[in-house]
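> With the sequences and hints as input, model every part of the structure.
Taken in order, the sequence shown gives residues 414 to 983; the numbers are from the working numbering.
In short, the hints are calculated from the structure, not lab data. Wrong hints could be hidden among the right ones.
25 Å max Cα-Cα, derived PhoX-like pairs, lysine-lysine [claimed, not checked]: (1) K978 to K792; (2) K929 to K890; (3) K502 to K747; (4) K451 to K502; (5) K549 to K502; (6) K529 to K978; (7) K765 to K778.
Derived CB-CB ranges, DEER-like [what the hints assert, rightly or not]: (8) Q799 to V677: 50 to 56 Å; (9) L885 to N656: 50 to 56 Å; (10) D624 to T479: 56 to 62 Å; (11) D629 to T884: 33 to 39 Å.
Don't be surprised by glycine CBs; every beta carbon is placed ideally from N, CA and C.
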Amino acid sequence: MLGEIKDKIKFSYLNELKEKDFFSTLDIFFANYLECEKENSAIFLAYLFLISRFGFISLEIKDDNTIYPSLEDLNLDTKDLIDIDVFVKKVILGSKNLSETILYLEDNTDENYPKKPICRFKNFYYLQKNYVFEKKIIKNLKRLENQSPTQIFDEDIFFKTLKNENFLNLEQKKAVENVFFNSISLILGGPGTGKTYVASYLVDILSNSLDRSKKDNFKIAITSFTGKATSHLKSNILKTANNIDLDAKTLHLLLKLKEGKPKVFDEKKLNYDLIIVDEASMLDLKLTAHLLNSIKNGSRVIFIGDPNQLPPIESGNVFAEISTIENIEKVHLKHAKRFENSKIIDLANAIKNTDEKALDEIFSKSDFYDIENISKAKKIILDMAQNNFLESTSKDMQIEDFFSKLKDFIILSSIKKGPFGVDTLNQEIFSLLYNKADLNDYLFVPIIITKNNYNLNLFNGEFGILKIQKTLDGPSKKEAYFKIDDKIQKFEIFYLNSYEYAYSISIHKSQGSEFKNVAIIIPTGSENFGKELFYTALTRSKNEFSIFSTKKILKDLIKVSSFKKSALSI
414 MLGEIKDKIK FSYLNELKEK DFFSTLDIFF ANYLECEKEN SAIFLAYLFL
464 ISRFGFISLE IKDDNTIYPS LEDLNLDTKD LIDIDVFVKK VILGSKNLSE
514 TILYLEDNTD ENYPKKPICR FKNFYYLQKN YVFEKKIIKN LKRLENQSPT
564 QIFDEDIFFK TLKNENFLNL EQKKAVENVF FNSISLILGG PGTGKTYVAS
614 YLVDILSNSL DRSKKDNFKI AITSFTGKAT SHLKSNILKT ANNIDLDAKT
664 LHLLLKLKEG KPKVFDEKKL NYDLIIVDEA SMLDLKLTAH LLNSIKNGSR
714 VIFIGDPNQL PPIESGNVFA EISTIENIEK VHLKHAKRFE NSKIIDLANA
764 IKNTDEKALD EIFSKSDFYD IENISKAKKI ILDMAQNNFL ESTSKDMQIE
814 DFFSKLKDFI ILSSIKKGPF GVDTLNQEIF SLLYNKADLN DYLFVPIIIT
864 KNNYNLNLFN GEFGILKIQK TLDGPSKKEA YFKIDDKIQK FEIFYLNSYE
914 YAYSISIHKS QGSEFKNVAI IIPTGSENFG KELFYTALTR SKNEFSIFST
964 KKILKDLIKV SSFKKSALSI
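Rendered as structure tokens:
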């Protein structure tokens, strides 16, 4: 059916845009499905669907000549394809000519699920699902902003303990204080600024401000998008606040959301007094809507994250937008202690500030490799891999030793395919190490889980080790090992169906992880991915980093932002 759409396009300009591959078949299908009578409206609908595929929540008609996101915001090179001014005019006119049969205009009825496919709020236009999610977020943010949390703590003990806490600086103490007084608060900051550290002391101070009877009934949930981040936060909190009962679950498990399946909103609330959400930059529109809707009155929720990191793969840039809302209490932690190499902080600041001059100065003092010569760059990368991973074939090392080395070195790439893609690099590195091994030797291969497995307690983003033997018949996979609650557990290989080799991983998958040494690969084709990608990759390193790219690619990259604005921040 979709393949026949090209022949059914009844508008000449729309057909021209399809022929030039500006609109996809799905964009055209959506416009055709809603049976527009006017070409401008069909163009508007196709563009609305296009921007939703790019992760934007809504289309804003700013004035008679301006739309957001614009073609420039989408980083589409259209100068040789279309007349941009003519296109924008048609989109704007199309928004004004939409049929009442498909357009829902927000009024005072506060309808939860409009029955029309397009919704309008002020000058923002949405696909119905995005409208529903964003309205839920706005409604619940206002609810949490305007209510005070239940005060079950001894205020004198709380502030006396906080004042005498010598391990927290003033801004960290302010973050703890915000949680005491507010139903919703944010702890913002880059890597190494102590966000998780603050959360640990926060739980300890709050818990010690309760009398025995209340402490037994005080319920805490810690959660994140990935199981890896959730378990990391739990282990850090328990180092400081021991004897605390914590529920640690991924957001999907906490909210009983099945990935890829819809769930309607209900009025049943989570029975927790404190909810801590880590790596909040990874939350998309749908997850945030369901989470905020599930928080009971009187509870406290804390979002922890770095708004400069990559936005979620799905729609929206919710955490970054929420962090700009004035009425929500927040503390931005600025003092980074994690990095042993000051060049990491300097380069991270240059990326955030789009400072090309500082970028040049740092490159001159860093391990920077130009990748225009593909074969030369690949040899350097594979040599690095061999030097760092060769011990994975050692006969003398124990499995515990391999786990300690997992955090030593990683190769991060911005792409999956091609000579510098994650898939290619993993296969080449494995082949290199396998060929160097003797017959019947074992290789201990780093792997990463790619899909949550709640039965095995293995979660998306979790690192492990796969034991492979070199045999006459080729590689023989034996078993896998993962560290769960600081204990190494063995799994039979036939239980694992969603994992990848992890000599190299994508920059997106690296969020929430840290390594001593990182090789960052940003090849041609990454120029429009946004500076958040470069920033995220760089700040995975604690000690050293090397960069494989070209200066032009990186300078182009830091001029682009993947920030996506919606009505949340107005």
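> Name the hints, by number, that the structure is in violation of.
Structure breaks hints 1, 2, 3, 5, 11.
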